[in-house]
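Asker: Each protein sequence line maps, in turn, to chains P and Y.
FYI, the numbering for the first sequence is 1 to 147, going by our numbering.
FYI, the numbering for the second sequence is 1 to 502, going by our numbering.
Incorrect hints may have been included.
Stated by the list, open to error - Here are the computed distance ranges between Cβ atoms for each label pair:
#, chain 1, residue 1, chain 2, residue 2, range
1, P, K24, Y, R320, 42 to 48 angstroms
2, P, K24, Y, I295, 27 to 33 angstroms
3, Y, I295, P, K102, 54 to 60 angstroms
4, Y, E303, P, R27, 56 to 62 angstroms
5, Y, D311, P, G17, 21 to 27 angstroms
6, Y, R328, P, A79, 34 to 40 angstroms
7, Y, K335, P, R27, 21 to 27 angstroms
8, P, V103, Y, D476, 55 to 61 angstroms
9, Y, T301, P, K24, 29 to 35 angstroms
What the hints assert, rightly or not - Reference listing, derived: stretches of chain Y covered by chain P, where coverage requires no fewer than 3 residues with Cβ under 8 angstroms from a Cβ of chain P:
#, stretch
10, 47-59
11, 253-266
In case anyone wonders, no lab produced these hints; they're calculated from the structure.
C-beta atoms are modelled at their ideal positions from N, C-alpha and C, and glycine is treated no differently.
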Amino acid sequence: MNDHKSVGIVMIEDDEGHARLIEKNIRRAGILNDIRHFTDGTTALDFLFDAADGPAKSGPALILLDLNLPDMSGTDILARIKAEGSPLRRAPVVVLTTTDDKVEIQRCYDLGCNVYITKPVNYESFAQAIRQLGLFLSVIQVPSAES
Amino acid sequence: MARISLKLPQSEGRIARWLVAFMTLGFVALAAAAVAIGWITVRNARYTADILHTQDVRQAIATLQVEMEQSETARRGYLLTGLPLFSTAYETTAQRLAPALTALRSSTHDNPRQTARLDLIEPRVGQLRSLRTQSIALVDAGRIGEAQRRFAVDASVPLMRSIRYRLRAMAAEEVRLLEIRSDRQQRSNMLFLSVAGVAALLLLVVAILAILVIRRYTADLGASRDRLHLLNETLEDQVVERTADLSRANDEIQRFAYIVSHDLRSPLVNVMGFTAELAEAAAPLAALIDRAEAIAPEIVTPEARIAAREDLPEAIGFIRASTQKMDRLINAILKLSREGRRSITPEPVDPAAVGDAIVASIQHLIDDRGATVTIDRPLPALVTDRLALEQILSNLIENATKYLQPGRPGVIRLAGTRERNRVILSVIDNGRGIAPGDHQRVFDLFRRAGPQDQPGEGIGLAHVRALAYRLGGTIDVVSTLGEGATFRLNLPFDLRLQDPVA
């Protein structure tokens, strides 16, 4: 973990159930970082870029992103985060979604997504994947947002 | 689909039937006229013969008369002159009398009236001849005077007159007969002419009718041919149009299937996830009940015990099984839609080679199930997507080895024909067959037919049909329950010429 500031996890996920399951399993993996949950793209973008306590203004963050959102596509958010000149373009983004379409996966990596995970329906696999993600989160270095 | 009837309209058919009936009648009448003409001709010949006979009889009468007169003239000459010239002339002519008489008798023996007259003439001729012989003998002896005296008194002259009279009567009778016979012949000729005229008229009518019938049939044939031609022309377009429609509908369904299956997964993740959470939460509860039962049995109600030990695990088990099944179905739809979205690359393909590859890859399955697969050679080559064709044939052949009639070794054949610019590939088996009511149903997603004794989700044939549509083709099945099935895949010979939509 970051020495100076604890890394916040921003979860953008419209399905409350999924969000809960993800959170539970992250906690079970022993990750205690703060998790902020947003169910739509607009408020999530507001927080990411404009909120005083958001990652752009203060502290590094890791973003968990679902692609199927009610108000916009997750890829739009990904594009905003990874855009040239974005203060968050170095923030790691984990796309965690049900879409396993090859074209969509390629598109996400092209846009700069760091990890793409398909939510398996089989819960054991799902829990396993999230816990492994937790282990992964516990060792990666997350850069601070650019001022 | 437009259905074009090639049958003649009812009224036209009736007219054609009448025409044929008239023509038949005409031919019968013509045959009758020919028979009548033949009969009349035969009769005419008989009448002509009768007339000729009458002429002969007249000739014979005339000959007899001439001989009679000539011999009499010779006798009288001899009586007057005593010149031997007349004696010789008499001998010659008198000799001819008897044959002339015989000839006349033989030619009139059929006519009793003439015979009666001849019967009167003949004795008179005899008497006359003896009188003549006497006078000739007297002259020969030089007694000319006595001979002349005798001639003046004997019956020679009345006899001659009587014979002449009777011969004239005979001649008159023959003239009468000639008139009757000529008349009869003339009437017969008239009849012949009229019958011939009627026959000619009939011939004309039949000929006209025949021409009419032929023209009508030719026109009908021409019209049928034109319609058929038109049908053939439009059939191609119809097929292309229909497959384009199918292909569009298919694409839409693929998109729909993709979206639906995709969105169904989301809630399913929750159901599965929270069921697992529930199971995990149920475990400590069950442990608690166990402990409570051990330490303070009085606080454990039977309901609580049953709920923790039976109801909860059972409910969770059912939810799990159902969601797992749903997951499989959704994955199947997803796979189907993903296949549908795969891009199609037409290339020349030899179905026999594709068949060989499939048989090689599932040889162990074929052997295990005790079946044999044969592939006709040569199979018509076509230009299509190799992978899609491989998947279609593989599904069909594998199905054929899977659904065998118990107690009958499976015999599976891959056959093919080329029809214009379509190629029809058939997978023919002798398996358990499919009931006619299920022929459409088996191609529907998640639908299966017959005894459910083989594993499967009812996806294969739906997949096959979706692929067939994508290749601009169709698929159907011909089958009798218990006697095997034939799956016919109808594909365009060249997918590149088929439709640009695919």
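Asker: Now tell me, hint by hint, if it's right for this structure.
Answerer: Results for each hint:
no.	hint	result
1	P:K24 <-> Y:R320: 42 to 48 angstroms	violated (18 angstroms)
2	P:K24 <-> Y:I295: 27 to 33 angstroms	holds (31 angstroms)
3	Y:I295 <-> P:K102: 54 to 60 angstroms	holds (58 angstroms)
4	Y:E303 <-> P:R27: 56 to 62 angstroms	violated (33 angstroms)
5	Y:D311 <-> P:G17: 21 to 27 angstroms	holds (23 angstroms)
6	Y:R328 <-> P:A79: 34 to 40 angstroms	holds (35 angstroms)
7	Y:K335 <-> P:R27: 21 to 27 angstroms	violated (35 angstroms)
8	P:V103 <-> Y:D476: 55 to 61 angstroms	violated (34 angstroms)
9	Y:T301 <-> P:K24: 29 to 35 angstroms	holds (31 angstroms)
10	47-59	violated (count 0)
11	253-266	holds (count 4)
Taken one by one, the earlier hints fail for this structure at numbers 1, 4, 7, 8, 10, listed in ascending order.
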